[in-house]
Amino acid sequence: MFQRILVEEWATYVPIISFVLIAGAFTAVTIRALRIGKGERNRLASLPLEENSDNLKSL
Amino acid sequence: MTTSITYDDRSVRRFMIASLIWGIIGMLVGVIAATQLSWWQMNGKFLETITFGMIKAEGISFLTFGRLRPLHTNAVIFAFVGNMMFAGIYYSTQRLCKVRTASDLLSSIHFWGWQLIILSAVFTLPAGFTRGKEYAELIWPINIAVVLVWVVFAINFFWTLAKRNEPSLYVALWFYIATIITVAMLYIVNHLSLPTSFVHSYPIFGGLQDGLVQWWYGHNAVAFFLTTPILGIMYYFLPKAANRPVYSYRLSIIHFWSLVFIYIWAGPHHLLNTSLPKWLQLLGTLFSLMLWAPSWGGMLNGLLTLRGAWDKLRTDPVIKFFAAGITFYGMATFEGPLLSIRAVNALSHYTDWGIGHVHSAALGWNGFMAAGMFYWLAPRLWKTELWSKSLANMHFWIGTVGILIYVAAMWAAGIMQGLMLGQVDAGGTTLKYEFMETLESIQIFYILRSFGGTLYLGGFLLCAYNIWRTARSGKARDETVQVAILERPKKDNMSWGEALFSDPLAHVFLGMAFVILWFFLPPHADKAALVVAILLGIKAFYAFKASKEKWTNWHERIVENYLPFSLLVFIAVAIGGSVQIIPSLIVNREKNIEGRLQELYTPLELVGRDLYVAEGCYNCHSQMIRTLVPDVMRYGRFGIGDDYSHLGESLFDHPYQWGSKRTGPDLAREGGALAAGSKYMRVGKRGNDWHFDHFLNPRQTSPGSNMPSYPWLFEKTADVKSLPAKIAAQSRLGVPWPAMSQHEIRDLAESQSQEIAASLVAAKVYLPDKPDLQGDALRNHLAKTEAVALIAYIQKLGAYREIVKDSPARPSSLNPDSHRRNP
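Residue numbers (the working numbering), protein chains in the order written: chain A, 1 to 59; chain B, 1 to 823.
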């Protein structure tokens with residue numbers, strides 16, 4: 001399909017291949033991120049807050 | 001079951017203190033280098049004034065801009081940000097994994113090894129020992145030390161992950177994993193060299209290949225040394241400081257995977273409008289523009305984490321620094337893709353606009369995130385309060401004003417000089433301004449830049465003082481906590497097959513493969529590929545319906561299994577690197593010479609070239625006439641069509657010297673043909689005596705020049721002895737040197753230096769320090785000096801021979817309606 005728009009050398013295809021790879025990976029990751037459960041999402045997001053290292057005198 | 005754990009906070013304190021010390025040194029060197037561009041005397045002559053004449057020198061070698069600038073960049077990147085990054089990683093990893101760092105010994109080796117590396121850079125870079133590649137200047141023994149210390153760090157980090165008591169890897173850890181893996185890959189590939197002595201080597205790549213590998217590394221040093229670890233730090237420390245979880249965990253997943261997948265591809269945007277193959281330029285632009293999305297996703301995720309905590313901006317310096325740092329990240333990552341658009345790049349590249357861009361990121365993003373983290377960490381590491389919030393606030397405002405002055409000055413200087421360099425006179429046939437005129441017109445901005453940088457350094461000194469007083473007011477103590485011990489089956493229990501060949505991943509990759517085939521297969525076959533891709537989509541849908549649980553849980557399971565996760569990260573970054581580098585390695589030598597093949601250097605010219613690299617001339621002079629009309633008009637030769645720099649002209653250059661900034665003019669066509677009656681001596685745009693005077697004092701030949709004087713070139717003896725080893729090394733790298741014995745090499749160098757020295761004596765040159773030296777004595781003295789070797793090299797620049805191909809490609813017109821090539 002797109003070969004008729006682009007020109008000569010095979011290397012010219014590389015940006016298109018790259019774009020498809022990225023678009024595919026991006027779509028897959030987005031779907032995955034959207035499907036993650038709320039409970040799990042909140043648990044993972046709160047990981048830095050779980051441990052309480054704020055035992056300094058006061059801040 | 002629970003256990004008591006004492007975190008290794010000593011390593012965190014050490015790295016933090018080291019970061020503060022090296023930060024001050026690196027920034028101070030930067031300020032000195034900035035002033036050198038306004039006042040040439042800052043290259044050593046100023047010592048005469050401040051020592052009341054005890055030290056007399058027109059210039060001092062180890063203080064010149066060409067040697068200090070690499071020290072500045074290496075110090076702020078690897079010493080300041082590096083140590084800051086390690087402090088953040090060691091602190092947060094232990095807490096996110098609920099375990100002490102795996103090995104105190106490895107932590108100590110990592111810390112002291114890294115400091116020794118930096119210390120060795122402090123001595124070798126000003127001494128002129130360099131590989132001549134930006135941010136990769138350190139000599140090969142130090143490169144090996146860097147790799148070894150990095151491996152120690154990696155072992156310690158992954159070992160800690162393996163021992164963790166929390167099954168899930170938090171998003172900050174993902175960014176650390178990406179940093180460790182990718183930096184190792186980039187660093188090793190870009191530092192592959194063939195040593196010629198203990199302090200010198202040649203990169204194994206040359207010309208275009210070297211340029212591509214260099215900017216694949218250079219760009220991604222920014223991405224994976226200055227960005228991803230700091231993003232990890234943002235994802236850990238910002239929620240801690242704001243006391244609320246990250247705004248969107250979903251967005252953090254998309255942010256991470258998109259960033260690591262896209263960032264690595266964008267390197268070629270550093271070589272736009274050069275003779276780099278167009279598909280690579282397109283790749284660089286395309287992926288740079290795509291970077292807008294993940295970068296801004298991350299920025300918004302950071303800023304929105306502060307929702308409901310904005311009131312803290314007024315009172316909490318930590319939040320203040322974080323909010324400003326993330327905002328600068330957003331600004332810099334908006335500007336970066338903008339500069340990667342070819343039309344914008346034509347104006348911005350080689351000017352100070354690029355300098356403004358990197359400093360808005362380095363000072364605003366890295367510097368402010370570091371400050372925010374230090375102010376948050378110090379009270380916790382020394383169990384006390386921050387010594388002075390007021391001082392921290394003052395640091396913030398001085399720093400912010402400093403950055404704004406710096407960046408605005410560089411934007412103005414870059415755009416102004418870029419426009420002036422491209423401006424033609426009323427007739428449209430000649431350029432309106434000489435290079436020197438453009439340089440003089442931006443001097444005020446250079447002074448403002450030095451002022452902005454000084455303000456920023458002043459703010460950072462306040463930070464260091466504040467942290468020091470905080471440390472003194474408290475007591476260093478490692479934190480002890482109770483954690484639940486995690487049993488092995490709850491983590492790292494995914495098989496490799498399950499990780500890599502599970503349904504979700506297999507369907508995604510297969511689907512993408514067939515969509516690619518649909519693009520490229522010939523008519524009819526492309527339709528078949530499309531049908532297969534659609535069928536795969538349908539199959540994926542039913543597979544999803546049949547085992548929803550498996551699909552849903554795959555990513556959650558991956559983040560509980562650090563080894564498969566790390567492998568996926570490696571695959572993500574390796575794909576981008578391979579696509580850029582491998583095709584260039586395959587096609588470079590034969591196809592990309594574009595009808596011009598570089599003339600080989602003579603032995604003396606090679607000595608001169610190594611001096612050019614050692615003095616850091618590439619920091620200010622490019623050797624690349626871009627495929628742009630103003631570039632060709634300014635630097636090309638009269639009467640020669642398409643006189644931009646063709647790829648074949650630098651084919652044998654190890655390292656390549658295309659440069660990235662023109663504080664001085666391009667030198668690609670500085671050389672010329674053999675002089676009449678000479679066997680070796682060439683004369684280019686200017687005579688040998690002009691270069692003699694120029695190196696001695698550039699103001700003699702170019703009034704208003706800010707180039708340093710190089711008096712030591714007329715004293716030091718050119719290193720001819722090491723030529724046989726250097727030529728042998730180059731031959732092994734594929735440079736077609738003719739077979740020569742050691743004596744022939746030295747005789748050749750001697751003959752050429754005598755010719756050049758004789759021409760200088762004939763032109764009645766004069767050495768101010770040796771007024772009595774004349775005639776043969778002067779000739780014999782000059783023939784041995786570095787100055788003559790450097791002149792030999794400069795006069796060779798741009799020498800090539802035409803190569804006529806058997807069936808040269810001919811231009812053909814395109815049909816504008818269909819974009820199809822006319823039959």
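Certain hints may be false.
Which bits of chain B does chain A cover? Going by a derived footprint, with three or more residues having C-beta under 8 Å, they are [claimed, not checked]:
id : region
1  : 566-580
2  : 648-654
Okay, the calculated beta carbon distance ranges per label pair [as the list claims (entries may be wrong)]:
id : chain 1 : residue 1 : chain 2 : residue 2 : range
3  : B       : Glu-487   : A       : Gly-37    : 39 to 49 Å
4  : B       : Val-401   : A       : Glu-50    : 22 to 32 Å
5  : A       : Gly-37    : B       : Ser-120   : 44 to 54 Å
6  : B       : Leu-517   : A       : Ser-46    : 38 to 48 Å
7  : B       : Pro-195   : A       : Gly-37    : 52 to 62 Å
8  : A       : Glu-50    : B       : Leu-194   : 50 to 60 Å
9  : B       : Leu-119   : A       : Gly-37    : 48 to 58 Å
10 : A       : Ser-46    : B       : Ser-103   : 22 to 32 Å
11 : A       : Ser-46    : B       : Arg-732   : 54 to 64 Å
The set of hints was computed from the structure by calculation and includes no laboratory data.
Ideal Cβ placement from N, Cα and C applies to all residues, glycine included.
Checked hints:
1. 566-580: Since 4 is at least three, the answer is holds.
2. 648-654: violated (count 0)
3. B:Glu-487 with A:Gly-37: 39 to 49 Å: Hint violated: Cβ distance 23 Å, outside 39 to 49 Å.
4. B:Val-401 with A:Glu-50: 22 to 32 Å: violated (39 Å)
5. A:Gly-37 with B:Ser-120: 44 to 54 Å: Because 51 Å falls inside the window, the suggested range holds.
6. B:Leu-517 with A:Ser-46: 38 to 48 Å: holds (44 Å)
7. B:Pro-195 with A:Gly-37: 52 to 62 Å: Holds: the Cβ-Cβ distance is about 55 Å, inside 52 to 62 Å.
8. A:Glu-50 with B:Leu-194: 50 to 60 Å: Check passed, 51 Å falls within 50 to 60 Å.
9. B:Leu-119 with A:Gly-37: 48 to 58 Å: Holds: the Cβ-Cβ distance is about 51 Å, inside 48 to 58 Å.
10. A:Ser-46 with B:Ser-103: 22 to 32 Å: Hint holds: Cβ distance 29 Å, inside 22 to 32 Å.
11. A:Ser-46 with B:Arg-732: 54 to 64 Å: holds (57 Å)
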